[in-house]
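Visitor: Protein chains in written order, with the working numbering: chain A, 1317 to 1459; chain B, 8 to 703.
Everything labelled a hint here was simulated from the structure, so no lab data went into it. The beta carbon of each residue, even a glycine, is placed where N, CA and C say it ideally should be. Hints may contain errors.
Stated by the list, open to error - These stretches of chain B come out as covered by chain A in the derived footprint (C-beta under 8 Å, 3 or more residues):
#1 356-370
#2 402-411
What the hints assert, rightly or not - What follows is a list of derived Cβ distance ranges for each label pair:
#3 1318(A) x 349(B): 24 to 34 Å
#4 1318(A) x 650(B): 15 to 25 Å
#5 148(B) x 1426(A): 17 to 27 Å
#6 157(B) x 1357(A): 37 to 47 Å
#7 1392(A) x 552(B): 50 to 60 Å
#8 437(B) x 1429(A): 53 to 63 Å
#9 1395(A) x 549(B): 41 to 51 Å
#10 215(B) x 1318(A): 45 to 55 Å
#11 511(B) x 1318(A): 44 to 54 Å
Claimed, not checked - Cross-link-like lysine to any residue pairs, in silico, SDA-like; alpha carbons within 25 Å at most:
#12 1411(A) x 54(B)
#13 398(B) x 1343(A)
#14 1318(A) x 425(B)
#15 1322(A) x 285(B)
#16 398(B) x 1350(A)
#17 1346(A) x 383(B)
#18 1318(A) x 434(B)
#19 283(B) x 1419(A)
#20 540(B) x 1401(A)
#21 398(B) x 1422(A)
#22 1411(A) x 71(B)
#23 1346(A) x 571(B)
#24 43(B) x 218(B)
#25 1321(A) x 351(B)
#26 398(B) x 1402(A)
#27 398(B) x 1354(A)
#28 1411(A) x 621(B)
#29 398(B) x 1427(A)
#30 1318(A) x 634(B)
#31 346(B) x 285(B)
#32 1322(A) x 372(B)
#33 431(B) x 411(B)
#34 398(B) x 1393(A)
#35 1322(A) x 360(B)
#36 1411(A) x 570(B)
#37 1321(A) x 446(B)
#38 1318(A) x 281(B)
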Amino acid sequence: MKARKKFLIGSGIIVATLLALAYVGYTQSKTYYHTISELPTLQGSTLHQRMRVSGNVRAGSISHRDGRVNFVLEEQGKDLSVSYIGNDPLPDTFKDGAQALVEGRLMPEGGFVAEQVQAKCASKYEASPIGAPVASDKNLNKS
Amino acid sequence: MDIFGSFALLLAFLATVYAFVAGIVGIVTRRTLLTKSARNAGMAVFGLITLAVASLEYFFFTDDFSLAYVAAHSNHALPLYYKFSALWAGQEGSLLWWSWLLSIYVFLALFLNRKKHPELMPYVGVILAGVQTFFLVLNNFVASPFHVLASADSAGVMHMARLSEGSGLNPLLQYPEMVIHPPMLYLGYTGFTIPFAFALAALLGRYPGEKWIHITRRWTMVAWCFQGIGVLLGAHWAYAVLGWGGYWAWDPVENAALLPWITGTAFLHSVMMQEKRGMMKVWNVWLVFVTFMLCILGTSLTRTGIVSSVHAFAESSIGGWFFGFLGIVFVVCLTAWYKNRDYLRSDNQLDSLVSRESSFLFNNLILLAACFAVLWGTLFPVLSEWVTGSKISVGPPFFNKVNVPIALFLLFLTGVGPLLAWRKTSVDALQRNFAWPLVGGLIAGAVGFAFGFRSFYPLVCLILSVFVTLTIFSEFYRGARVIASRDGTNLLTAVGELTMRNTRRYGGYVVHFAMVLIFVGIAGSAFNQDIQKELKVGQSMTIGPYTILCQNFDQPSTDNYTSERATLEVFRNGHSQMMLYPERRLFLASQVTETIVANESTPVHDLYVVYAGRSPDTNLPVIHAYLNPLVKWIWFGGIVMVLGTCLAMIPDRRPAIVLRTAAERPWSDAIARSAGGSPAASPVTSSTVRRPGSPD
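Next up, chain A with everything else stripped away, as it sits in the complex:
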């Protein structure tokens, strides 16, 4: 029984340490997801949080200037202009129309400064709606 007690105490210490570490890691890396339409409604401290915003890259909006990459994300008719300041090259999948997830902070004047950009090429990976006949006339050949 004594060994059991010791084991429980040992486990308690380990679990407590891990919880503390988990909490520190959590506060360091927690990132809020927001939609573009939510951004104007944010107030107070929530404005300065690290956040992730996703949307589609507006065609033709990508421009390179002073080592930054600027582009506009669109989602449900709302826009967000983003400035990417990270050092890593942008992912290969990042281009006009791609679905992008940017991580960074809101600027006081309304733009978004992104430190990371992830992109997925929407057209390529996504399976067609399940069960539905897939192709429309447009992409059929005459064979």
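Position chain B against the provided structure of chain A, taking the given hints into account.
Guide: Relative to chain A, chain B alone:
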């Protein structure tokens, strides 16, 4: 052919439903004939799904783009082996592939045990059929890969259509490892179904003793090993293809594959407690239940995109099915456990804190903590949205903060655990077993510290790695020395003999050593360097001991892609070492760009060079170079892990040396001496010759 395939799939569904229902009726009514017929139906499922898979492959190989799935994932120009692997490039095919691999396991489990365990196997068959039914429902009715393309004419009538060309396989998947990585991972995911089925069957049938553990030991190791290979191959693919200089990003899909591997590891260890001491029965049953559920969860995370992932697979409506199935599995497990919990009563108590038992308990505690942390971090966006309404994600700092200390503690246990005695270890034994390895580890640490190895975790990892390696080698050495002196053989022969006598134990040590190698490789990442620079022809950049000189830029192109490529000459100490050709390709058909990494890998470090595109300001090519120490150790560790696991699965050889009479001694001595020239052959000869004389 599409009719053929979907019909085979439908028959497979009917057969597995029959196996499930008839199996239950057979158990309830105790009719052996019915049970037998259910089993045969369960085995037939394998043949039927094989037909479906073969017919889908036929579409791929004949470039028949009348199926939506084939048109979406293949094209004429695709090389043959990628046409084969395109089968699992998308949702529908992956699920079919899952089903098929499961059916292989089911077939083997039912076939190999057809004459054994008559009380247990009917239950096993029913459970396996239940799992198979779920996947065949998906294959047939939710995500069938046999949907044909059709278009409506002006009158609104649908006509079958056939595309002349498919849209091709994603170039990121056009990499040799992508042919084997998904099968390996899926063999892991599906493989855990077998121990799950046996555990649940033993519980439901109240099957006496620990027999289900003995039966499933090898099955679990197979699944565990495949899962490990799958995870490592995935990491290697990410490293070699994605061009970001790393191999692990704590991405949800990576985590999903890691989770069952962690609980599987815990299970492989804690079953020993039950075998040897009759403890942890409830725990083991739940571990295997949880492992199976994590496999299902992992598959669903990969396939449903519920947590956003850079892997960017389809978001689809299939999630509901998976969570429904998980719910059913959980309820079944819970009920089975609750009704039979008296059957799982423990025989023994923990005797001492310094014992094998307690090292296993800590091992399990810590593995479960790791599993929980990874699961929590992965699902955090979903959970926080449910609870607080705002979606919050956690990044690598969270995972690393928790998992690095856990990993190091595990490494410590890897060294200590196997050398502790069951029940209680004396101080004497502790000194005998650990004094030298500990001293060795500390010396290595001191040397490392003297050479400027100052960060805490890597230093601890170094000390522990040396410590664990020494304990493992001393185990082999001490065991082999006894055999060598008794048989008069040389030490190397004795090591072979020792290993073959208890393959489980010594194979386990080899796997532990593999983990040390992997840990060393991961610890190397603490010293990663990288540099990114715009280079004109004739300019150079320096990283670590290397100077990279830009010789040329060109734009080689083929029918398939256009490309930009740098020709770089690498110097070390003023001497030319090698040429590297990092490249970036734009695939014309899919308009997808792909980075071709130039990686010069040595056991010391990888020089990993990426052509990062052109600078937005100057339009000059940007070269990103990484110097990643010790990465190769991880892949090498993976190979050792496979070898160790295979070793542990070989049946023990048990020559009864201890019982030999003194009269026989000169005999084997003579043989050992004559065989001394070829140490590899001698254990075989000596044991076969010895056998006639030995008392067994």
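Visitor: Work down the list of hints and note, for each, if the structure agrees.
Guide: Do the hints match the structure? See the list:
With 9 residues bearing a CB less than 8 Å from a CB of chain A, the stretch 356-370 of chain B meets the requirement of three and the coverage assertion stands. Beta-carbon proximity to chain A at under 8 Å applies to 8 residues in the stretch 402-411 of chain B; the threshold of 3 is reached and the given coverage holds. Residue 1318(A) and residue 349(B) have their C-beta atoms about 27 Å apart, which keeps the hinted 24 to 34 Å range intact. Against the hinted window of 15 to 25 Å, the Cβ-Cβ separation of residue 1318(A) and residue 650(B) comes to about 42 Å, which falls outside the hint.
Taken as a hint, the range 17 to 27 Å is violated for the pair residue 148(B) and residue 1426(A), whose Cβ atoms sit roughly 49 Å apart. A hinted range of 37 to 47 Å holds for the C-beta pair residue 157(B) and residue 1357(A), which are about 45 Å apart. Between residue 1392(A) and residue 552(B) the beta carbon distance is about 53 Å. The supplied range of 50 to 60 Å therefore holds. Distance hint check for residue 437(B) and residue 1429(A): the Cβ-Cβ separation is about 57 Å, which falls inside the suggested range of 53 to 63 Å.
Between residue 1395(A) and residue 549(B) the C-beta distance comes to about 43 Å, which sits within the given range of 41 to 51 Å. At roughly 32 Å, the beta-carbon separation of residue 215(B) and residue 1318(A) lies outside the given 45 to 55 Å, and the hint is violated. Restraint check, residue 511(B) to residue 1318(A): a C-beta distance of roughly 32 Å breaks the suggested window 44 to 54 Å. Between residue 1411(A) and residue 54(B) the CA atoms are separated by roughly 45 Å; this puts the pair beyond 25 Å, and the hint is violated.
For the hint pairing residue 398(B) with residue 1343(A), the CA-to-CA distance comes to about 15 Å; that is within 25 Å, so the pair holds. This hinted pair checks out: residue 1318(A) and residue 425(B) have alpha carbons roughly 23 Å apart, not beyond 25 Å. Pair hint residue 1322(A) plus residue 285(B) holds up; C-alpha atoms about 21 Å apart against a cutoff of 25 Å. A hinted pair counts as satisfied when its Cα atoms are at most 25 Å apart, and residue 398(B) with residue 1350(A) qualifies at roughly 8 Å.
Restraint check for residue 1346(A) and residue 383(B): the C-alpha separation of about 13 Å stays at or below 25 Å, so the hint holds. For the given pair, residue 1318(A) sits about 18 Å from residue 434(B) by alpha-carbon distance, which is consistent with the 25 Å threshold. At roughly 52 Å between alpha-carbon atoms, residue 283(B) and residue 1419(A) are farther apart than 25 Å, so this suggested pair is violated. A hinted pair counts as satisfied when its Cα atoms are at most 25 Å apart, and residue 540(B) with residue 1401(A) qualifies at roughly 16 Å.
About 17 Å separates the Cα atoms of residue 398(B) and residue 1422(A), which keeps this hinted pair within 25 Å; it holds. For the suggested pair residue 1411(A) and residue 71(B), the alpha carbons sit about 31 Å apart, so the restraint of at most 25 Å is broken. Taken as a hint, the residue 1346(A) and residue 571(B) pair is broken in the structure, with Cα atoms around 38 Å apart against an allowance of 25 Å. Distance restraint check for residue 43(B) and residue 218(B): the Cα-Cα separation of roughly 22 Å lies within the 25 Å cut-off, and the hinted pair is therefore satisfied.
Proximity of residue 1321(A) to residue 351(B) is assessed by CA-CA distance (about 22 Å); at most 25 Å being required, the pair is judged to hold. Between residue 398(B) and residue 1402(A) the CA atoms are separated by roughly 24 Å; this keeps the pair inside 25 Å, and the hint holds. Taken as a hint, the residue 398(B) and residue 1354(A) pair is honoured in the structure, with Cα atoms around 12 Å apart against an allowance of 25 Å. A distance of roughly 15 Å separates the Cα atoms of residue 1411(A) and residue 621(B); the hinted pair therefore holds under the 25 Å criterion.
Distance hint between residue 398(B) and residue 1427(A) is fulfilled; the C-alpha atoms sit about 21 Å from each other, no more than 25 Å. Of the supplied pair hints, the one linking residue 1318(A) and residue 634(B) is violated, its CA atoms being roughly 51 Å apart against a limit of 25 Å. For the hint linking residue 346(B) to residue 285(B), the alpha-carbon distance of about 20 Å falls within 25 Å, and the restraint holds. Taking the CA atoms of residue 1322(A) and residue 372(B), the gap is about 14 Å. The hint holds against a cut of 25 Å.
Of the pairs offered as hints, the one joining residue 431(B) and residue 411(B) is violated, with about 29 Å between alpha carbons and a cut-off of 25 Å exceeded. For the given pair, residue 398(B) sits about 22 Å from residue 1393(A) by alpha-carbon distance, which is consistent with the 25 Å threshold. Note on residue 1322(A) and residue 360(B): the hinted pairing holds, with a Cα-Cα distance of about 7 Å set against a maximum of 25 Å. Restraint check for residue 1411(A) and residue 570(B): the C-alpha separation of about 17 Å stays at or below 25 Å, so the hint holds.
The straight-line distance between the Cα atoms of residue 1321(A) and residue 446(B) is roughly 31 Å, outside the 25 Å bound, and the hint therefore fails. Of the supplied pair hints, the one linking residue 1318(A) and residue 281(B) holds, its CA atoms being roughly 21 Å apart against a limit of 25 Å.
Of the numbered hints stated above, those contradicted by the structure are hints 4, 5, 10, 11, 12, 19, 22, 23, 30, 33 and 37, listed in ascending order.
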